[in-house]
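S.K.: The primary structure of each chain is shown beneath.
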Amino acid sequence: MVRVDRRLIAIVATGGLVVATILVIVFVAIIPVPEYPALQPGRQSGYVAYQVGDNDRTQSVKIMDLETLTPISVAVGDGVEIVGWHSDGSLLIHDWRAGDAYMRIDATTGEQIEILDSLPADFSYETEAFVYNEGGMVVIELPIGTATFPAPESYDIRSAVALGDDHIVIVDELGRVAVTNVGNDANPLLVASDAVEWSRVVARP
Amino acid sequence: MSRSDVLKALDDWVSAGLIDEEQARAIQRHEATAVEGELPGWVEPVAYLGAALVAVALFLFGVQIWDQLAPTGRLLLAMLITLILFVVGLVMRLSMSPAAGRAASFSWFLTVAGVAATAGLIVFDIVDLDTDWAPLLVEATTLVSAVGLYMFNQRALQQVAVALSTASLLATIPGLLPLGEEGWVAGLLFLVVGAIWLLLTWARLLHPPAAGWVLGALFSIGVGFGAFDDNAFWSGLGILVGLGLVWLSTQIERRSLLALGVLALVIWIPTTVTILFEESIAVPVAILITGVVTLTVVVAAIRLGRRPSQQGLPGATDGAS
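Protein chains in written order, with our numbering: chain R, 29 to 233; chain L, 424 to 744.
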């Protein structure tokens with residue numbers, strides 16, 4: 029008799045514990061991967077460049093005019109990496125297939141201007157953000173400031189750089205490119221969602 | 424009827440009040456000596472030594488040819504070894520000899536490892552599943568096989584295999600969910616599984632109870648993993664679990680729970696102190712606090728243990744299995 033009661037108690041308690049645990053995880057622990065509303069044309073100025081591809085292989089580089097949200101696609105093939113912006117506003121792409129060769133691309137037309145043997149003397153890489161998660165908030169730290177917004181701990185931002193003095197451009201694990209304001213109430217807006225997930229992003233005002 | 428069946432039946436008869444604990448132990452001793460008398464005592468250790476040497480030789484041989492094998496060859500090899508281990512366990516299990524029973528248990532314990540390796544080869548080498556959930560698939564398959572073997576052979580090692588498979592699964596799950604913080608969810612999962620394990624042992628649904636108490640306690644102690652996010656709440660819970668285990672050890676007279684309770688205190692008190700007072704308290708002070716609390720708890724447990732314990736809880740001592 030006692031044995032039956034014990035088993036019943038244990039089974040009921042086990043069921044209760046399992047249900048309670050699932051409820052706690054679903055309603056307290058899980059934070060959905062953030063959805064970003066789309067950036068509307070005319071809301072933001074500047075240029076963003078990122079790599080587009082398939083199966084982790086780069087096929088092209090896209091340069092996005094944030095003012096018009098019109099992308100310019102530069103077919104480059106695999107084996108290249110975005111380096112940054114030339115002082116005159118053109119885009120520099122490192123072509124690994126050709127050794128130390130750098131393509132200089134016109135950001136407004138996508139046409140190749142020239143191939144350089146080395147980076148210009150006055151070139152400097154954009155500072156990549158230090159990104160971490162603290163208590164369910166993703167924190168993106170850059171010299172211009174810090175942006176924080178809710179995101180799960182497993183959510184990865186693969187690349188983040190400053191856009192001017194008060195905005196940050198990010199590429200996340202889903203290959204989404206977004207621009208956000210700096211601050212604790214950061215509100216990322218979706219620019220594109222076709223970046224290769226490990227793409228380096230560069231931005232200029 | 425195999426030895427594990429006899430042990431389970433004895434446990435059930437004690438629960439039903441047909442025989443008492445002393446009579447159960449007497450029957451157990453009688454059955455053990457009846458068949459153990461067939462072989463000298465040194466045979467079993469020497470047999471294990473021989474089996475270990477064969478296993479090491481096969482392992483070294485496998486390492487040498489592994490790289491030369493195609494994925495299907497590797498899979499076939501893993502499946503063959505797993506099948507051999509399973510069949511050996513099956514044959515051994517038919518014997519009433521305790522030594523054969525232990526060998527069967529060990530063989531099926533390795534069978535679970537074989538299933539894990541086979542599932543891993545299928546998922547990662549053959550199918551080449553490129554998803555974050557792939558490890559979970561391997562772990563779930565392993566757990567199902569471990570539970571299946573445990574259902575047929577309810578011995579300590581089979582329960583350990585289920586526990587290891589479960590622990591592996593629990594460690595993987597938080598990384599796959601979009602969680603705000605992964606650490607405390609891992610701690611919560613270990614606490615809940617530990618509590619369920621202890622409950623099922625208390626209800627005599629897990630055999631042998633000695634293994635059930637120990638494994639349930641170990642899972643419960645894992646609650647402190649929640650402190651990996653520098654959250655002292657979870658290491659504090661780890662301390663409470665430690666105290667709870669010490670108290671439980673006095674109630675059901677299981678020294679293993681006392682040891683595990685103290686282990687929890689030794690791990691989670693300094694963790695909590697370090698998280699809360701990292702800046703102001705030096706390491707020696709944290710160790711001193713841990714030592715004083717541990718000694719106090721053990722002395723209190725010894726004093727409590729001298730009182731008459733509750734009756735009716737399964738297993739009077741740690742040797743009950």
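Derived by calculation from the structure, the hints in this document are not laboratory data. Among these hints, one or two may not hold up.
[Unchecked claim] Here are some chain L residues the structure puts well away from chain R; computed CB gaps all over 10 Å:
1) Gln451
2) Ala470
3) Val479
4) Gly485
5) Pro494
6) Thr495
7) Leu560
8) Thr564
9) Gly571
10) Val583
11) Gly603
12) Glu605
13) Leu611
14) Leu622
15) Glu701
16) Val720
[Said to hold, decoys possible] Footprint (simulated), chain L over chain R, 3 or more residues, beta carbon under 8 Å:
17) 53-59
18) 147-160
19) 181-187
Think of the CB as a built atom: it goes at the ideal place given N, C-alpha and C, for glycine as much as any other residue.
S.K.: With reference to the structure, classify each hint as holding or not holding.
M.R.: Status of the hints after comparison with the structure:
no.	hint	result
1	Gln451	holds (20 Å)
2	Ala470	holds (38 Å)
3	Val479	holds (40 Å)
4	Gly485	holds (33 Å)
5	Pro494	holds (21 Å)
6	Thr495	holds (25 Å)
7	Leu560	holds (18 Å)
8	Thr564	holds (21 Å)
9	Gly571	holds (20 Å)
10	Val583	holds (20 Å)
11	Gly603	violated (3 Å)
12	Glu605	violated (5 Å)
13	Leu611	violated (7 Å)
14	Leu622	violated (4 Å)
15	Glu701	holds (17 Å)
16	Val720	holds (26 Å)
17	53-59	holds (count 4)
18	147-160	violated (count 0)
19	181-187	holds (count 3)
Comparing the model with each numbered hint stated earlier shows that hints 11, 12, 13, 14, 18 do not hold.
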